[in-house]
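J.: Residues per chain, in single letters:
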Amino acid sequence: MRIFALAFALLLMGGIHSALMAQPTGLVLGNKSPEIKLTTTKGDTITLSSLKGKLVLIDFWGTWCAPCVEEQVDLARLYKKYKLASFTNGKGFEIYGVALEAKKPNWETFITKNKINWIQVSDLKFWRSPVAKAYNIQELPFNVLIDGKGVILAKNLHGKELEMEIGKNLIK
Amino acid sequence: MKTKSLTFLLLLVVTSVFATTEFSCQGQSDPWTPQQLLAPADLAKVLNNPKAAQPIIYSIGMQAIVKGSIDIGPAMRAENLNTLKQKLGKLPKNSQIVVYCGCCPFSRCPNVRPAMELLKSMQFTNYKLLNLPQNVKVDWIDKGYPMSE
Numbered sequence: 001m002r003i004f005a006l007a008f009a010l011l012l013m014g015g016i017h018s019a020l021m022a023q024p025t026g027l028v029l030g031n032k033s034p035e036i037k038l039t040t041t042k043g044d045t046i047t048l049s050s051l052k053g054k055l056v057l058i059d060f061w062g063t064w065c066a067p068c069v070e071e072q073v074d075l076a077r078l079y080k081k082y083k084l085a086s087f088t089n090g091k092g093f094e095i096y097g098v099a100l101e102a103k104k105p106n107w108e109t110f111i112t113k114n115k116i117n118w119i120q121v122s123d124l125k126f127w128r129s130p131v132a133k134a135y136n137i138q139e140l141p142f143n144v145l146i147d148g149k150g151v152i153l154a155k156n157l158h159g160k161e162l163e164m165e166i167g168k169n170l171i172k
Numbered sequence: 173m174k175t176k177s178l179t180f181l182l183l184l185v186v187t188s189v190f191a192t193t194e195f196s197c198q199g200q201s202d203p204w205t206p207q208q209l210l211a212p213a214d215l216a217k218v219l220n221n222p223k224a225a226q227p228i229i230y231s232i233g234m235q236a237i238v239k240g241s242i243d244i245g246p247a248m249r250a251e252n253l254n255t256l257k258q259k260l261g262k263l264p265k266n267s268q269i270v271v272y273c274g275c276c277p278f279s280r281c282p283n284v285r286p287a288m289e290l291l292k293s294m295q296f297t298n299y300k301l302l303n304l305p306q307n308v309k310v311d312w313i314d315k316g317y318p319m320s321e
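Taken in sequence, the protein lines are chains A and B. Position 73 of the first sequence, counting from 1, maps to 73 under our numbering, and the rest follow consecutively. Going from the second sequence to our numbering is simple: count from 1 and add 172.
Bound-form chain A, shown alone (with noise of 0.2 Å):
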């Protein structure tokens, strides 16, 4: 009797402990980012974990999205402006852009002529993208901002909302 009471005790003590030490996976503010595992448009795989130590922005967009082609541009600015920034919760911003592509051409395409120098992964299956599911995306653009850590800081911020949020994760 003794020896399952303590065999218990161990197991009730081991799981508080996972608990309090694994951060909870999930799409709500504070939580960890799901992981992300796609690739280029060259074949190479990059994951999402890999940028660990960054802030990041996931990106969800699309070549035939309006309004995400639109962002385009002040995403540019954006990385320029922070890339090598310090923060209080990362070193450097990075911006993961997942794009929801049915066919490469395009997507490869827009990011030639756009000049577009982030990181740039697809699956290429469009809205059936397990991504797309995992994130429960409702419509583009949509994002998510995380820290060093990939916990989530903020989602689906845009225009100067977003580069507030940035701002206020910054060293000065």
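Keep in mind the hints are simulated off the structure, nothing from the lab. The C-beta atom is built at its ideal place from N, Cα and C for all residues, glycine as well. Take these hints with a grain of salt, some might be off.
Claimed, not checked - Have a look at the derived ranges for each label pair, beta carbon to beta carbon:
(1) A:Lys37 - B:Asp314: 18 to 26 Å
(2) B:Gln268 - A:Val151: 50 to 58 Å
(3) B:Pro305 - A:Lys125: 17 to 25 Å
(4) A:Glu163 - B:Gln306: 21 to 29 Å
(5) A:Thr39 - B:Asp243: 17 to 25 Å
(6) B:Lys257 - A:Thr39: 31 to 39 Å
Guided by the hints, dock chain B onto chain A, whose structure is given.
T.: Same frame as chain A, now just chain B:
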């Protein structure tokens, strides 16, 4: 007093004229009637019933997601619209046809209007637009309706 009443009347007339104009413009911008919108649940029911008469479904957007649909490509592009025109040219005018895009809400979709206008101009009598008000993910995929392989 008379002048005030007259001004008020004039304003009322002008406002109502503007309101009517705007309303009719909105109506004109959509080349389909509410009756031509096909509810996703209704199409899913037909697709799941092999005994039901199956419509010819054209994907006029980025990807043919709906089961059995024919991939035309975005109808905003002249070459794709031409492909659709050629395919339609071989069909009887009373064929049961469904078109869909589903990239984004109808108000922002560049593909549904050219396709619906083409069907109208070719004088088809039995064509519908799949009603995906948000997009094909929210209104079709997430609902678990039949998808292509």
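J.: Determine for every hint whether it applies to the structure shown.
T.: Now the hints, each set against the structure:
1. A:Lys37 - B:Asp314: 18 to 26 Å: Holds, at about 22 Å.
2. B:Gln268 - A:Val151: 50 to 58 Å: Given a distance of about 52 Å, which is inside 50 to 58 Å, the answer is holds.
3. B:Pro305 - A:Lys125: 17 to 25 Å: 22 Å, holds
4. A:Glu163 - B:Gln306: 21 to 29 Å: 28 Å, holds
5. A:Thr39 - B:Asp243: 17 to 25 Å: Cβ of Thr39 of chain A to Cβ of Asp243 of chain B: about 23 Å, so the range 17 to 25 Å holds.
6. B:Lys257 - A:Thr39: 31 to 39 Å: Holds: the Cβ-Cβ distance is about 36 Å, inside 31 to 39 Å.
The earlier numbered hints are all upheld by this structure, with none contradicted.
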